[in-house]
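Undergrad: Here are the chains, one letter per residue:
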Amino acid sequence: MKVFKLIFKNTLRHKLRSILTVSGIAVAVIAFGLLRTVVTAWYVGVEASAADRLITRQAVSFIFPLPYAYRDKISSVPGVGEVTFANWFQGVYIDKNQFFARLAVDANTFLDVYPEFVLSPKEISDFKKEKNSCVIGEKIAGQYNLKIGDVMAIEGDIYPGRWDFVIRGIYKPKYKTTDATQMMFHWDYVDDRMREEMPGREGDVGWYVVKINDPSKSGEISREIDALFKNSPAETKTETERAFQQGFLASTSAIITSMNVLSFVIIGIIMLVLANTMIMAARERTREYAVFKTLGFSARHLVGLIMGESLFMALLGGGVGLLITFPIVNGFAEFIPKGFFPVFEIEPVTIILAVSAAVIIGIAAAIFPIQRALRTRIVDGFRFVG
Amino acid sequence: MSDIINILNVRKSYWRDSMEISVLHNISLTVKEGEFIALMGPSGSGKTTLLNLLSGIDRPTSGSVTVAGTNIAALSESALAKWRSSNIGFVFQFYNLIPVLTAFENVELPLLLTNLSKAERKKHVQTSLEIVGLGDRMYYYPKQLSGGQEQRVAIARAIVTDPAILVADEPTGDLDRNSADEILTLMERLNKEFNKTIVMVTHDPHAASKAHLIRNLDKGDLIPELV
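Chains as they are written, first to last, in this note's numbering: chain A, 219 to 604; chain B, 1173 to 1399.
In isolation and in its complexed conformation, chain A is listed as follows (with noise of 0.2 Å):
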């Protein structure tokens, strides 16, 4: 007979609690998983921000255009390498309430500024050819069973009118954090048909991405990019990609701070569920601590089997409840719109966040059982009527 199955006996003693008690821990595990997937999902622009690229923008807000004439100007200060720009086009495509990203871009060089689009050599040289192409991800592709040569109808509403766009390159993610949910087509297509259609509003960029030589001088750049432009009627401002990403978070910020609290305030909840049955349990066997101390266990063993006890319970609950959590976060990713998250699955610093939440509980759960039998002479536990 050994320890482990004395603990595992000891476990199964009250199968009903015990049974209760993994379930509480392996649905207190899910929540924390499917709550942390959501807020690594959030973050995931941020984790997929390049060093060597800077946004500028309009100064006072973001929907503001910034005029086309920028272009050339910020190129011209040293240390940009290229400089790329988009418009968000937003629109609808078969259903207003599945999103993706729509982006009116720089042709000529948005793709080499965001190299984790990968596209082959043909979809690119075909994709420049023609103006009134797109690249799609291949989530969108797999979303809507496209593929190359099909026409996307899109519907305008910043960009009023019916747009259609000929598919001419699907993109494959480089990273894991890459978004491949955006499509992205000729900014000059929308350009030309503005000017014709709206005058006035040709000639609009939403924002430029510089690229630079050398990350470490990334303010210098964005101070000096946006020296360029003050006290005109388009001031701008620049920073790096990940602080604008952040900038878009900044709104949602409370949601996504108070999911992040609420995530380990499960884990403090179930600790007490835990706590509460090790002391239930510790408390109905002191008469058997007794017997052990009796017959020359020491105090080693007394915290083995406790704390052995506690971490096979936590573990057990942690386990089942990171094995539900993937089936549950794939059906949870079915109900929220497509595109919404561009990557929504379970990352392993959460699983690892999970079980070391598990061998926490664990350990936690058992300091005041151990201490309690620790502390209890042997005459006074087999005086214990529990």
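To be clear, the hints were calculated from the coordinates, so they are not data collected in a lab. Glycine is no exception: its CB is placed at the ideal position from the N, C-alpha and C atoms. Errors might be hidden in some of the hints.
As the list claims (entries may be wrong) - With a straight-line Cα cutoff of 25 Å, these simulated SDA-like cross-link-like pairs (lysine to any residue) come out:
hint: 1; chain 1: A; residue 1: K223; chain 2: B; residue 2: L1317
hint: 2; chain 1: A; residue 1: K429; chain 2: A; residue 2: P339
hint: 3; chain 1: B; residue 1: K1294; chain 2: A; residue 2: V221
hint: 4; chain 1: A; residue 1: K223; chain 2: B; residue 2: K1204
hint: 5; chain 1: A; residue 1: K223; chain 2: B; residue 2: D1308
hint: 6; chain 1: A; residue 1: K233; chain 2: B; residue 2: Q1316
hint: 7; chain 1: A; residue 1: K365; chain 2: A; residue 2: K390
hint: 8; chain 1: A; residue 1: K392; chain 2: A; residue 2: E565
Unchecked claim - Just a few of them, taken from the derived set where beta-carbon distance is under 8 Å, the chain B residues facing chain A:
hint: 9; residue: I1229
hint: 10; residue: S1236
hint: 11; residue: A1253
hint: 12; residue: S1257
hint: 13; residue: F1262
hint: 14; residue: L1281
hint: 15; residue: L1285
hint: 16; residue: K1295
hint: 17; residue: T1299
Based on the hints, put chain B in the right spot on chain A.
TA: Then chain B, alone, in the frame of chain A:
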């Protein structure tokens, strides 16, 4: 026969709130090797406290307790635990078996603290259970055994490490007459055949009659032996 237990001027008191309660007053007692002694007395006379002191599960307030050549009052907690495991076998009134373990596993418990191999442990456990007449009940759980059988498993657990001394606190107190007689016969056998020194606390004169010597306690004092 040499003295195996030597208790000299032992006092034991404890505190309840701010009041000191004296349980044993200046007790001296010797037990010879191979002796079977019964401690009797009314409730609260200090019998169990004396048994706890001589078996090393409690410490005296003053005085010395020398058992098998060791002044156990001077040992640290861990040293005392180790000493108990190799020198004393315990039999309790309510058996105190671990309910989730089989008879075999309960008896094996003290051997887990030794360096014996699994095969050696198995041999020792089988021998002990056969001595108490439960060779055919090795894989029964306590709840599947009668009270007398449970107590026999407890005795097997007490003797499995082959200790020199057995201490028994009301070993027949929870048993019917027949089961009690079986236990007492077994203890007599352990004393005679295996030369175990036995110190037994009991209220029952019939149980005490099996001992070589009966010592009475009253209100914390050991009543002088009648010659």
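Undergrad: Please go over all the hints and tell whether each is borne out by the structure.
TA: Hints, verified against the model:
1. A/K223 with B/L1317: holds (22 Å)
2. A/K429 with A/P339: Cα-Cα ~21 Å, so holds.
3. B/K1294 with A/V221: Within the cut-off at roughly 16 Å; holds.
4. A/K223 with B/K1204: Violated, because 41 Å separates the two Cα atoms, which is more than 25 Å.
5. A/K223 with B/D1308: holds (23 Å)
6. A/K233 with B/Q1316: holds (19 Å)
7. A/K365 with A/K390: Holds: A/K365 and A/K390 sit about 13 Å apart, inside 25 Å.
8. A/K392 with A/E565: Distance of about 17 Å is within 25 Å: holds.
9. I1229: Holds: closest Cβ of chain A sits about 4 Å from B/I1229, inside 8 Å.
10. S1236: At 19 Å from the nearest chain A Cβ, B/S1236 fails the 8 Å test, so the hint is violated.
11. A1253: Cβ of B/A1253 sits 5 Å from chain A, so the hint holds.
12. S1257: holds (3 Å)
13. F1262: holds (5 Å)
14. L1281: holds (6 Å)
15. L1285: holds (5 Å)
16. K1295: violated (15 Å)
17. T1299: violated (17 Å)
In this structure, the earlier hints numbered 4, 10, 16 and 17 are contradicted, and the remaining ones agree with it.
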